[in-house]
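Protein sequence lines, in the order shown, are assigned to chains A and B. Residues 1 to 322 in this note's numbering are what the first sequence lists, from first letter to last. Residues 1001 to 1359 in this note's numbering are what the second sequence lists, from first letter to last.
Rather than coming from a laboratory, the hints here were simulated on the basis of the structure. Since the model is a prediction, treat every value here as computed from it, not as a measurement. Fair warning: there could be bad hints in the mix.
Reference excerpt, derived from the structure (chain B facing chain A, CB under 7 angstroms, subset only) [unchecked claim]: (1) L1113; (2) I1196; (3) T1198; (4) Q1203; (5) P1329; (6) F1333.
Covered by chain A, per the in silico footprint, the following chain B stretches (three or more residues, Cβ under 8 angstroms) [unchecked claim]: (7) 1130 to 1144; (8) 1160 to 1171; (9) 1262 to 1275.
From the three backbone atoms N, C-alpha and C, an ideal C-beta is built for every residue, glycine too.
This is what each chain is made of:
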Amino acid sequence: MSERLRMVGAVRETLRDELERDDSVVVYGEDVGEAGGVFRATQGLVDDHPDRVFNTPVAEAGIVGTGVGLAATGMRPVAEIQFQSFLYQGFHQLAQHVARMRSRTRGTVTCPMTIRMPYGGGIHALELHSESFEAGFSHIPGLQVVFPASPAETKGLLTSAIRDPDPVVFMEPTRLYRSFREEVPDDHEIPLGEARVAESGDDVTVVAWGSMLRETLDAIEDVDANVEVIDPRTLYPLDTETIVDSVKKTGRCVVVHEAPKTAGMAGEITSRINEEAFLYLEAPVERVTGYDVPVPMFAREDDYVPDADRIESGIRRALEFG
Amino acid sequence: MPDENVAQFTIRSVQVLAEDETVDEELVPDLDDDELLELYEQMKRSRRLDERAIALQRRGELGTYAPAIGQEAAQVGSAFAMAEDDWLVPSFREQPALLTRGTELHSILEYALGMEEGAEIPDGEGGLPPAIPVGSQPLHATGVGWGEALQDRPNVAVTYFGDGATSQGDVYEAMNFAGVYDAQTVFVCQNNRYAISTGIENQTEAETLAQKAIAAGIDGIQVDGNDVLGVYRVAREAMEKARNGEPVLIEALTYRRSMHTTSDDPSAYREGDEEAEWEARDPILRFQVYLEDRGILDDETEDAIDDRIESELAEAIERARADREALDPADMFRHVYAEMPSELERQYEAFEGDGGGGK
Ligand SMILES: Cc1ncc(C[n+]2csc(CCOP(=O)(O)OP(=O)(O)O)c2C)c(N)n1
Ligand SMILES: [Mg+2]
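Sequences are here, hints too, so could you generate the full structure?
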């Protein structure tokens, strides 16, 4: 059985299935009850599971921090943070406790918690509704950082995240919530830490995730070369092997992200390529990223977020080097 | 060992002009006719701005917009009680307070057009831009009220936030710091009964929000937030106290009559006919009848106010559109640091060079 769903529907169906399958799953966050969340990702869930779906007070430290305790009692907290940047209000709980509980207690207490949140630009929202802090999350040992880029991928990755014994930060690209439908299989798991080759080619490799993957797939339509596109899907743990194997084949690479350039994940990915495929490189790794500025409000947002044109020129620079 | 009551607290609640137009004459604040009309006009200006902004958003011109419809008295009454050099520390639904403090209409519209220009604070004015993260700005207001005290200045900081915000730890920290440092700060909590879809009954088990002051050791008081005279009275008192280093929390009981923002549909979570009930308690309507009953407001004055607001709005919308047209995207690089660091400079040049090479 499968269904044609948008990404937001895939989130909802996954949560529904996991609530159904496992009595320890608790879904909670601001407005996730009756209203079904501001993006309607939890719509209807409280009707079927009023005892395990909760509208919380407006308090992200509370949402993240209580997750630590819920998990300690054997529950599986699946929290929604309304927008990624509001996770900052609970950042201390995430970095000080969620991420470290297993190592601090030598595995005797764990935190199998999933924290879902929409991220990134493109919907003309207010300030601080468009951030992409994946590099920061990936920098915290103990966390896994996951990015779906399509409805079916959402189902597979979110299912694995919820079932995983360790905490997962699950970043949902706001822009893709309603952008397209696709077949979403039932009971679908995609292992965390495995990249996907979204497009095969042997001239140049492009690494992109979340909303930037869609943008990249648009961009390569206008590029007169065989582009290999890799969606890492999980930024920590990162599937270095798939990326490195591709670069060994193409010799050229472009990494794309919405987040600011400095200390962004492109830097990390470039380092891994340097470490493992240096002699195969025919051009320096290109970065197409946001700028080192706070994400502007939406009048200037389109000038900040990389688009197909910028990705295309990044690919050209990589192809034309040398 | 003793087992005794060591502390007891009560919360006062104030109302001057009731829903049925009865007035507690002893509590009526000392305001002349011009001032009363100004209160009225500011409430109407804000209401019309919100209505026009919603319409513009629906046509795709504005981004997400948070109307303050129903909350005009809570904000105008309190902001009107501020002194010239006091500080306004707002959140994102503070059009009535901003207008009362002199923020220009086009500036509010530009913020809603997604332009940082709309968050600029005019030279020499005390104030901070709207805070989007819920409950984050009261700490700034405490810092302002503390800073003013440290510099022996009389200015007070007035911060606005909602019922939902009181659940954030930051808001408690703000009140607690204010108590410890005798900060010259007034906290105005607008209890509009909703945090997006979450009703006040699910936000907290506390009987009042005003009592949240007690744990921090500062004064807390409740007022009918749809009664502009009551709000003014309570706010005036609070500001006098705050000027003397006694911070106060005011809980203004009101109702968000409109959507949370233009991306929200309240029909998903409102109960029965609550909207109709609160329509009858509308703060502008209540005050209008009061002014008419006293012969302060007649049709002619009413028309003059409406005409003035409409023409100001038309002008402001034109101005905001023109500023939006003239917007320079590269500006995003220019205000991040006092001096642009070299790496940012390189990104800026690449941006100017080819529409952003990402180099
Ligand atoms: C830290 C943070 N969390 C979540 C949000 C999303 N959000 C915006 S407004 C709001 C509800 C706020 O309710 P309240 O404090 O009562 O203010 P009101 O909207 O009623 O003016 C929420 C949850 C946010 N802006 N900031
Ligand atoms: Mg509220």
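So, going through the hints one by one against the coordinates:
| no. | hint | in the structure |
| --- | --- | --- |
| 1 | L1113 | holds (6 angstroms) |
| 2 | I1196 | holds (5 angstroms) |
| 3 | T1198 | holds (5 angstroms) |
| 4 | Q1203 | holds (5 angstroms) |
| 5 | P1329 | holds (4 angstroms) |
| 6 | F1333 | holds (6 angstroms) |
| 7 | 1130 to 1144 | holds (count 5) |
| 8 | 1160 to 1171 | holds (count 6) |
| 9 | 1262 to 1275 | holds (count 4) |
The structure agrees with every numbered hint stated previously.
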